[in-house]
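Each protein sequence line maps, in turn, to chains A and B.
Throughout the first sequence, residue numbering follows my numbering, covering 163 to 370 in sequence.
Throughout the second sequence, residue numbering follows my numbering, covering 163 to 370 in sequence.
Honestly, the hints are just simulated from the structure, not real lab data.
Treat the numbers as computed from the prediction; the structure is a model and nothing was measured.
Be aware that a few hints might be false.
One copy or two, either will do: identical chains are not told apart, so a pair holds if it fits within one copy or between any two.
[Unchecked claim] List of simulated lysine-lysine pairs, BS3-like, C-alpha gap at most 27 Å:
no., residue 1, residue 2
1, K298, K286
2, K305, K198
3, K198, K347
4, K167, K290
5, K349, K198
6, K292, K262
7, K346, K198
8, K247, K283
9, K247, K328
Number of protein chains: 2
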Amino acid sequence: MRYHKIPDETVRRLPMYLRGLLLCREQGVRDVSSRKLSELLHISPAQIRKDLSYFGAFGTPGVGYDTAKLAKQIRGILKIDTPNKAALVGLGNLGSALLKYPGFGAYGLQISAVFDNDPGKIGKIVKKVKVEDVSKLSTLKNKNIKLGIIAVPASAAQSVADALVKAGIRGILNFAPFYLDVPKKVKVITIDIAMVLARLPYYLPASA
Amino acid sequence: MRYHKIPDETVRRLPMYLRGLLLCREQGVRDVSSRKLSELLHISPAQIRKDLSYFGAFGTPGVGYDTAKLAKQIRGILKIDTPNKAALVGLGNLGSALLKYPGFGAYGLQISAVFDNDPGKIGKIVKKVKVEDVSKLSTLKNKNIKLGIIAVPASAAQSVADALVKAGIRGILNFAPFYLDVPKKVKVITIDIAMVLARLPYYLPASA
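Work the whole structure out from these sequences, hints included.
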């Protein structure tokens, strides 16, 4: 079953709900109200109810949402109910940190291929993954990998994106401070860390 | 001059405009139309004009925006026209990558204090910054540092945030997959990398 009309902003919040639900489960909570979820996640109860109603999760009045059932539903909608393999391109400081990042497992995500252009890195095994030559990105086609992570300098990001798309990648998490031109069928989400930090001074009090 | 009514979403896009303008400057472009900026940034011309009008930047009909002048204005609004120092807490894989990240300079941001709880790291000099004991966060008060970056495990994030707030930090970039409870006067932006990656499978074609 697909849910074609879920807005991007709702999709953005679904993993947050999932995290909140998993937290409830850890605490032994079986049913959770939108108000309790709201307190956990700092998202309004009305927003939560609206988001969840998009896929028919209405909860039980006076009881709330069945945490296990709702978590399963959200995983299904996000298509993370089965494992998703990702290819990482760029094993510099950030790429290395991403490869070692422990947080992906909770969402069924796994970096199972790594590429770099540094002869000193190619062939090495890091976190059980063999570093491959970035010129071999086309081999992804045979590996059923649809997700790519770009952690290369901005100057190389577009050519890496082109190669990833050619190799069948359909979703890209991009850390390069660069707008990637890709076909419409490919979803790109960019995290420009410096740009996010650059927003914070705006909120500082004038005296600071 | 303060611009109190600029929506958060506009503030979020201002660094993007700045980056586009700097790119234009690099290419020797003196004036840029909202249409040209739109092509660079993949943001609609109407949105660009609306965002910029919030602070009275209307451009010249038929000419466009003076790139140097607009870049200066945006830096002023974001309060990144003077350098901003940040304290990094957590020198694990991600924290180390952040400390070495070359992208902050473009926005006048500098990590000028680093804290960790690992005795093996405390006292070391990394990127010209001496790693301090995380129990000494209160010393930030004397350093005129108002921005903090949290790159510690989720289990430690809240206590670090509490200590940062106590030490006068008013803006936090949080990488821990955890909702931080802070006073209203403190602005928190969380980048949960795994959660962002977890959104990508949703957009994959059903056959994938």
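Evaluation of the provided hints:
For the homomeric pair K298 and K286, the shortest alpha-carbon distance inside one copy (15 Å) is at most 27 Å, but the shortest distance between copies (39 Å) is not. With identical chains, the CA atoms of K305 and K198 are never at most 27 Å apart, being 42 Å at best within one copy and 39 Å at best between copies. Taking the shortest alpha-carbon separations for K198 and K347, only the inter-copy value of 24 Å comes in at or below 27 Å, while the best intra-copy value is 38 Å. Taking identical chains as interchangeable, the C-alpha atoms of K167 and K290 are never at most 27 Å apart, the minima being 39 Å within one chain and 51 Å between chains.
Proximity of K349 to K198 under the C-alpha cut-off of 27 Å is restricted to the inter-copy arrangement: shortest distance 23 Å between copies versus 33 Å within a copy. Within a single copy, K292 and K262 get their C-alpha atoms as close as 14 Å, and across copies as close as 24 Å, so both meet the 27 Å cut-off. Only between protomers do K346 and K198 lie at most 27 Å apart by alpha-carbon distance; the minimum there is 20 Å, versus 38 Å within a single protomer. In this assembly of identical chains, the alpha carbons of K247 and K283 lie at most 27 Å apart only when taken from the same copy (21 Å versus 33 Å across copies).
In this assembly of identical chains, the alpha carbons of K247 and K328 lie at most 27 Å apart only when taken from the same copy (17 Å versus 42 Å across copies).
Against the hints set out earlier in the document, violations occur for numbers 2, 4.
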